[in-house]
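Visitor: Chains as they are written, first to last, in the UniProt record's numbering: chain A, 1 to 285; chain B, 1 to 432.
There's no promise every hint is true.
To be verified - Below, simulated DSS-like cross-link-like pairs (lysine-lysine); rule was C-alpha separation at most 25 Å, straight line:
no., chain 1, residue 1, chain 2, residue 2
1, B, Lys318, A, Lys180
2, B, Lys227, B, Lys114
3, B, Lys2, A, Lys132
4, A, Lys281, B, Lys2
5, A, Lys281, B, Lys22
6, B, Lys318, A, Lys138
7, A, Lys281, B, Lys114
Please keep in mind that the hints were generated in silico from the structure rather than gathered at the bench.
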Amino acid sequence: MVTESCFFRTAETHGSVSCVSPLFQSVKCQQQHVSGSPAVPMFSTLKDRVGEVLLPGDEFTCDTDDTISLTEHVKPEKVVCGPGLRRSGDRLVVCKSGVLRHKQPNVFWIDSQQRRYVPAKGETVIGIVTTKSGDVFKVDFGGSEQASLSYLAFEGATKRNRPNVQVGDLVFAQFSIANKDMEPELVCIDSSGRANGLGVFGGGGLLFRVSLGLVRRLLAPHSEVRSDLEQLFPCELVVGMNGRLWVRSSSVQQTLIIANLLQSCDTMTAPQRRELFRRVKQGVL
Amino acid sequence: MKDTPLANCERDFLLKAIEEKKRLDGRQTYDYRKIKITFGTDYGCCFVDLGRTRVMAQVSCELVAPKENRPNEGIMFFNIELSPMASPAFEQGRQSELSVKLNRQLERCLRNSKCIDTESLCVVSGEKVWQIRVDVHMLNHDGNLMDAASIAAITALCHFRRPDVAIQGDEVTVFSPEERDPIPLSIYHMPISVSFSFFQQGTYLLVDPCEREERVMDGLLMIAMNKHREICSIQSSGGIMLLKDQVMRCSKIASVKVSEITELIGKALENDKKARKAGGRCGFAESIPQERITALKMEESPVEMMDVTERANDIVQKAEAPPQTVPSPVVPVPGVGQVGQGLQNTWGLEDDDEEEEEEEENGNRGEEQEGKASKMEKYEKEESRGGDVVEISDSEEEEVVILHPETSDKAPVNTGSRSSSHQKGAAKSKKK
Numbered sequence: 001m002v003t004e005s006c007f008f009r010t011a012e013t014h015g016s017v018s019c020v021s022p023l024f025q026s027v028k029c030q031q032q033h034v035s036g037s038p039a040v041p042m043f044s045t046l047k048d049r050v051g052e053v054l055l056p057g058d059e060f061t062c063d064t065d066d067t068i069s070l071t072e073h074v075k076p077e078k079v080v081c082g083p084g085l086r087r088s089g090d091r092l093v094v095c096k097s098g099v100l101r102h103k104q105p106n107v108f109w110i111d112s113q114q115r116r117y118v119p120a121k122g123e124t125v126i127g128i129v130t131t132k133s134g135d136v137f138k139v140d141f142g143g144s145e146q147a148s149l150s151y152l153a154f155e156g157a158t159k160r161n162r163p164n165v166q167v168g169d170l171v172f173a174q175f176s177i178a179n180k181d182m183e184p185e186l187v188c189i190d191s192s193g194r195a196n197g198l199g200v201f202g203g204g205g206l207l208f209r210v211s212l213g214l215v216r217r218l219l220a221p222h223s224e225v226r227s228d229l230e231q232l233f234p235c236e237l238v239v240g241m242n243g244r245l246w247v248r249s250s251s252v253q254q255t256l257i258i259a260n261l262l263q264s265c266d267t268m269t270a271p272q273r274r275e276l277f278r279r280v281k282q283g284v285l
Numbered sequence: 001m002k003d004t005p006l007a008n009c010e011r012d013f014l015l016k017a018i019e020e021k022k023r024l025d026g027r028q029t030y031d032y033r034k035i036k037i038t039f040g041t042d043y044g045c046c047f048v049d050l051g052r053t054r055v056m057a058q059v060s061c062e063l064v065a066p067k068e069n070r071p072n073e074g075i076m077f078f079n080i081e082l083s084p085m086a087s088p089a090f091e092q093g094r095q096s097e098l099s100v101k102l103n104r105q106l107e108r109c110l111r112n113s114k115c116i117d118t119e120s121l122c123v124v125s126g127e128k129v130w131q132i133r134v135d136v137h138m139l140n141h142d143g144n145l146m147d148a149a150s151i152a153a154i155t156a157l158c159h160f161r162r163p164d165v166a167i168q169g170d171e172v173t174v175f176s177p178e179e180r181d182p183i184p185l186s187i188y189h190m191p192i193s194v195s196f197s198f199f200q201q202g203t204y205l206l207v208d209p210c211e212r213e214e215r216v217m218d219g220l221l222m223i224a225m226n227k228h229r230e231i232c233s234i235q236s237s238g239g240i241m242l243l244k245d246q247v248m249r250c251s252k253i254a255s256v257k258v259s260e261i262t263e264l265i266g267k268a269l270e271n272d273k274k275a276r277k278a279g280g281r282c283g284f285a286e287s288i289p290q291e292r293i294t295a296l297k298m299e300e301s302p303v304e305m306m307d308v309t310e311r312a313n314d315i316v317q318k319a320e321a322p323p324q325t326v327p328s329p330v331v332p333v334p335g336v337g338q339v340g341q342g343l344q345n346t347w348g349l350e351d352d353d354e355e356e357e358e359e360e361e362n363g364n365r366g367e368e369q370e371g372k373a374s375k376m377e378k379y380e381k382e383e384s385r386g387g388d389v390v391e392i393s394d395s396e397e398e399e400v401v402i403l404h405p406e407t408s409d410k411a412p413v414n415t416g417s418r419s420s421s422h423q424k425g426a427a428k429s430k431k432k
């Protein structure tokens, strides 16, 4: 019953979303409270807010005492900011909307649900080869510009032994240079020169897009989505950090089911997803 | 900015899927995506959603001097804008090949078919006539822009009201809407375009191609037709050879689709009229400034299941027939019409919804019916309440008409009599 389930879903998401806005207000009041009280160490204020929704423009201030005690040994406080947090002078500014996450000992980042990919060094992505020019391939990875991929950056490739890559092929590659002022560069080998899963792939499968949040959820160790999917039917899945997924299964039908399931997982809560997977499983088996 | 390239594997997969009569979004070959028609606050503003394709049409009018060779006819002007918001491949400000093609097709569909009485737009012969301008803006591109644009344009024209004028001697007075009620255009018929895409040199045929399907198709056939089964324009592009049979088949499918869509447009216009009369909040623009975040909302994508038809049929045979309690569209609040929910399937072509079958697999048909019954009761209550008090219509979905290609409640009947409904559709078209 598509229409009804659709109806309920939107109602539920509305419910969960509408509780965001009061939260937003509480964020604001707490903000004033925090900046009003003197000498609150940044680490603990950040720690307090882990798991909350933050919005661009929210700030963390690092107020220092006017007097420095000479007798006591003061250890400098260090915080590592991940994506979504930016330092501006003595303040820490939130620049993406999402949930604040923390990893021991002192790493903080914002977990957001965006679809636009910004390359980062070391991330593995699925790219589409668009042109072959001289000794580099141009690869579209869904970012603001195309990346270059040297033909020597494949396992076993030499000047004589060129890899067999056609325009339109999919490559699973890793960023070796990802810099906002430079053209990004991809490689299909690791530091020891082995392919290690990277390279050209993609016969007979389907490529589709999901949000970056879902990709991270899929790649997380002990991912629930993945374990749910594993129980359905055997499939090959390639997950690019740029939000592209490639899936291949024994039949076109199953491939389509998996693709549609994953795309609808994007906006589902865990119980909704489990329910959907359960229904699919019963329907197929 | 360049469009995202299509990978070879996607192309191969799509073609393979089409050979197996499967589509990416779980539709059947002849299914349309969900059509939703919304109106703006002003007259002559219409939004059409066709799946994820979204189009806005705005009609405006102006008093101008007529063309010399036609001194007592009004002027129609059509303009299609492909904004970069719809797709990164569209460029701002430059007339691309696609926009010229769409523009010409829309003109042929609406102007050359003489669906609007241009003589009634004449104010003073040879001096002053109304120029009706239709601006169609593409808001999101997910394939089949032409059909969405043609639906939006004709609906906006039907919705539009021009100011009343009075002539006294040489003086022309234009009345504001407060002084005199604006006048609707006189529209003879509603041509609607239906697109067919062909694959493998015409071996396979799909209705309403989505963006990725459009990329791999070999040819496209657009048939503009009205509900009287008169073809207003027909255009084939892509350079494939079509047989006479194929064109005939397409025109038959088009006639079924067009009558469905015309009915939907009629319903949407009626709902809007009622809502405006009731004086409540109406129009798309009014539904926007609500403090609601909709970013996490997503249309549920149907999941296609295999080998469920046999089992579904089995269940259908065992289960009793669903109650025939919904003879007419259920109107929850004034200004809301939902087509396809709780109605008999009138698409007349084979369509089945996998999710339903899948739910039936769970064997909770009884629960479903109970749920349905209670929901309907609720609707009825709301309806009666809405009849008494007019202002409570603060629902977001005001005058939104949703057309589901598949019938939700009558799925078992549907699957059981799929072939017969198909024949019915064919018979209907023959009868006409």
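Visitor: Hint by hint, note whether the structure agrees.
Guide: Status of each hint after checking the structure:
no.	hint	in the structure
1	B:Lys318 with A:Lys180	violated, 64 Å
2	B:Lys227 with B:Lys114	holds, 15 Å
3	B:Lys2 with A:Lys132	holds, 17 Å
4	A:Lys281 with B:Lys2	violated, 40 Å
5	A:Lys281 with B:Lys22	holds, 20 Å
6	B:Lys318 with A:Lys138	violated, 59 Å
7	A:Lys281 with B:Lys114	violated, 54 Å
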